[in-house]
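There are 2 protein chains.
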Amino acid sequence: MKAEILTIGDELLRGEILDSNKSFLAARLCELGVEAYRQTSIRDDLGELVDAFRCAAARSDLILVSGGLGPTRDDRTTESIAKAFGRKLVLDTASLREIEQYFVRRGRTMAESNAKQAYFPEGSEVLRNPLGTAPGFALQESKSWFFCMPGIPAELVKMMNESVVPQIEKRSDLRKEVSSTILLRTFGIGESSLEEALKDCFHGSGVTLGFRIAFPDLFLRLTAKGNEPAKVQAHLAQAQAVLRERLGAVLYGEEQEDLEKIVVNLLRESHQTLAVAESCTGGWIAQRLTAVAGASEVFLGGVVAYSNELKAKLLGVDPALLATHGAVSEAVARAMAEGACTRLGAELSVATTGIAGPTGGSAEKPVGFAYVAIARRGEATQVRSFCAELERNRHRLLTTQIALDGLRRRMLGFDWNLNRAGGISQPVD
Amino acid sequence: MKAEILTIGDELLRGEILDSNKSFLAARLCELGVEAYRQTSIRDDLGELVDAFRCAAARSDLILVSGGLGPTRDDRTTESIAKAFGRKLVLDTASLREIEQYFVRRGRTMAESNAKQAYFPEGSEVLRNPLGTAPGFALQESKSWFFCMPGIPAELVKMMNESVVPQIEKRSDLRKEVSSTILLRTFGIGESSLEEALKDCFHGSGVTLGFRIAFPDLFLRLTAKGNEPAKVQAHLAQAQAVLRERLGAVLYGEEQEDLEKIVVNLLRESHQTLAVAESCTGGWIAQRLTAVAGASEVFLGGVVAYSNELKAKLLGVDPALLATHGAVSEAVARAMAEGACTRLGAELSVATTGIAGPTGGSAEKPVGFAYVAIARRGEATQVRSFCAELERNRHRLLTTQIALDGLRRRMLGFDWNLNRAGGISQPVD
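If you read the protein sequences in the order shown, they are chains Z and S.
Numbering follows the numbering used here, with no gaps: position 277 of the first sequence is 277.
Counting from 1 along the second sequence, just add 1000 to a position and that's the residue number in the numbering used here.
Keep in mind the hints are simulated off the structure, nothing from the lab.
It cannot be assumed that every hint is accurate.
Unchecked claim - 16 Å max Cα-Cα, derived EDC-like pairs, lysine to aspartate or glutamate:
| no. | chain 1 | residue 1 | chain 2 | residue 2 |
| --- | --- | --- | --- | --- |
| 1 | Z | K83 | Z | E122 |
| 2 | S | K1116 | Z | E196 |
| 3 | Z | K199 | Z | E125 |
| 4 | S | K1083 | S | E1141 |
| 5 | Z | K88 | Z | D45 |
| 6 | S | K1083 | S | E1048 |
| 7 | S | K1225 | S | E1035 |
| 8 | S | K1225 | S | D1415 |
| 9 | S | K1116 | Z | E48 |
| 10 | Z | K88 | Z | E48 |
| 11 | Z | K2 | S | D1061 |
| 12 | S | K1002 | Z | D61 |
| 13 | S | K1002 | Z | D10 |
| 14 | S | K1158 | Z | E391 |
| 15 | Z | K170 | Z | E48 |
| 16 | S | K1002 | S | D1061 |
| 17 | S | K1116 | S | D1092 |
| 18 | Z | K83 | Z | E112 |
| 19 | Z | K199 | S | E1125 |
| 20 | S | K1116 | S | E1141 |
| 21 | S | K1002 | Z | E48 |
| 22 | Z | K2 | S | D1045 |
Keep in mind that this is a model prediction, so the values were computed, not measured.
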């Protein structure tokens, strides 16, 4: 069973918008156990469209199409597919009535051009569009099924979920294999090291492993396929257990669980409050934590102490320390974190200070050098340093991630050592 | 002259990410006066890739390729293109040295798999990658030119701009028309109002105007085309002048000039220092300002006062105000901004307090309600309120943008009224 996706519209080929329909349709197919093996974007051009529909019919069993169903002369999907397969366009009176009513409900008169949207290639099944004027249609051409949907994302999503997915689910000839997949998130290990660590896994087990860099993280995707749902689930669970065992603390979450969600949940579960003291990250740690709904239960707030004066004034960092060691130093990172606990009244805190660049480095402390400190009342403060030669905002993002991951490791009792082999995840592609 | 785009990677066909490379490459081509007539995404599969490269060579003159240049066994672009056109893979020793040095600089050992990235199809020209380990390459196959670039967006953008665009510009056989384009950034006006305001512009002038929603902004792209470079430039300049005249203060910048850059520059030019006091935006204003290199000259820092205690303690907000009016109130917004000036020692400050949701609203102050205040020493503090029913993080982003835009308007002497017609830009699709 082969599936592909066609997205249609001049605006796509001019790069004016991100093609979110393409990724939505691909993701929905994946959830049904069908992986699209190809995706093509085509302009609103009759000749190019006819050619694309014929090629798709020759090579694929299931073709999802988005766009080109509107009322204007730019919209040529219906006309092209009819021409590609030698079919007449026939009026669907029920659709015409619905389109007329759509305008009546809005107190407007239907433009003549809208009538075009009630014509479909002979033999199509019309797919209702409760959100707009462009109905979709399904059409079988020899062994291939086409599902044509509107390009407006909200209309496409509704039609895909309510009309197309149920048809794909019903047609056993369109689905031969069951598949199940999970995304696993890691931080603190490079792509080559990760592949090295996992290279002998899953040979011949029906499970595949994919890597994706999502700086500064590295994501893994495990996919199991087969004919029996129970076996597929069991294979996936087994593979996941192997990965968790091998990766240990670098595997921090799955699917949508980002580090900020994990940190907020750990704080909530352990009834601790958190404050932050940020210099080089400039508010990014606080910004990410407060992106999590309900963060206010555990996150008290923080200080963005960009100037030395504010480090002293708001966090109580001793000006002598700043004078002796400089703002980017172990002593100041420690004092910032401890100051955040005492001054802001939190049990736990994290502080950052570093040289994000592009200027401000010295021989002793080059651009890219940074400290992250974690303090907890009544316990020893941990301070770690690292140096990463990265563009300013990638450096800030990496430092933010190290801070959040440090909080996670502290609360879970994992060791926290940035300098171990495979150290910090870097872009490698 | 026919151009097309190939983006490669299993993650694209599973819908795990939005294919931003595709739209970036398409937009850059458009700016060069070349419109891609087709875009295809292909999995990391040798057979499918070989087939795609051969088809592209048969039908197009210029083929831009992204992805599949990494060190892992998933990455098959180089191998496939060599196989498609019967070429050997040959080692480029200069690239190998660069990759080795990349790891040396980071104090790491190069994994064996990275050496793979220094092999290229015979006859290729290597394209340097200053940001990562994967060089790209250019290759001519009969009349077709292939440019293969890495899939990591930052690396792709740099290689396209610095290595590929100059080659396309040089080859007159690849370009027939001259075109010139500019992106203009607006905030505070909706798409329909904008379209209404500009509908009679540029008829028959050879200049086109495109809109793109980049929440919470709305971007305009002006493009002029023609055969004579001087005329094209003149048409573009004229059209830009018309737009600036009509749009006034809602047009805040062009191309890469985001609001944080503009605010930092205005502060620098007027020799003023800034501090922030953030509640609902949770550090986002500070995070954006500190993203600008050199922000430390004018940005002192800020307070993320998520709890009421910290609003009182760090900003000196009178606890009686908090008790009487609540944290989300005009009085507290004003006190936060004024406190940021006095406590943090800045000339100018901005404060935010609001209910980002999804919970925490009341009949009087529903979810989406927020205040933004701007204080300046010796002048009256301005406070504005608005209500926008948006998902939590879109609300926080809108509030951040209103705050930065408010600072810009204050420094430029523009009026600052969130409730005028066309008010806040909202998502409309």
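Exercise for the section: Hints the structure violates: just list their numbers, smallest first. Expected result: 3, 5, 8, 9, 10, 11, 12, 15, 18, 19, 20
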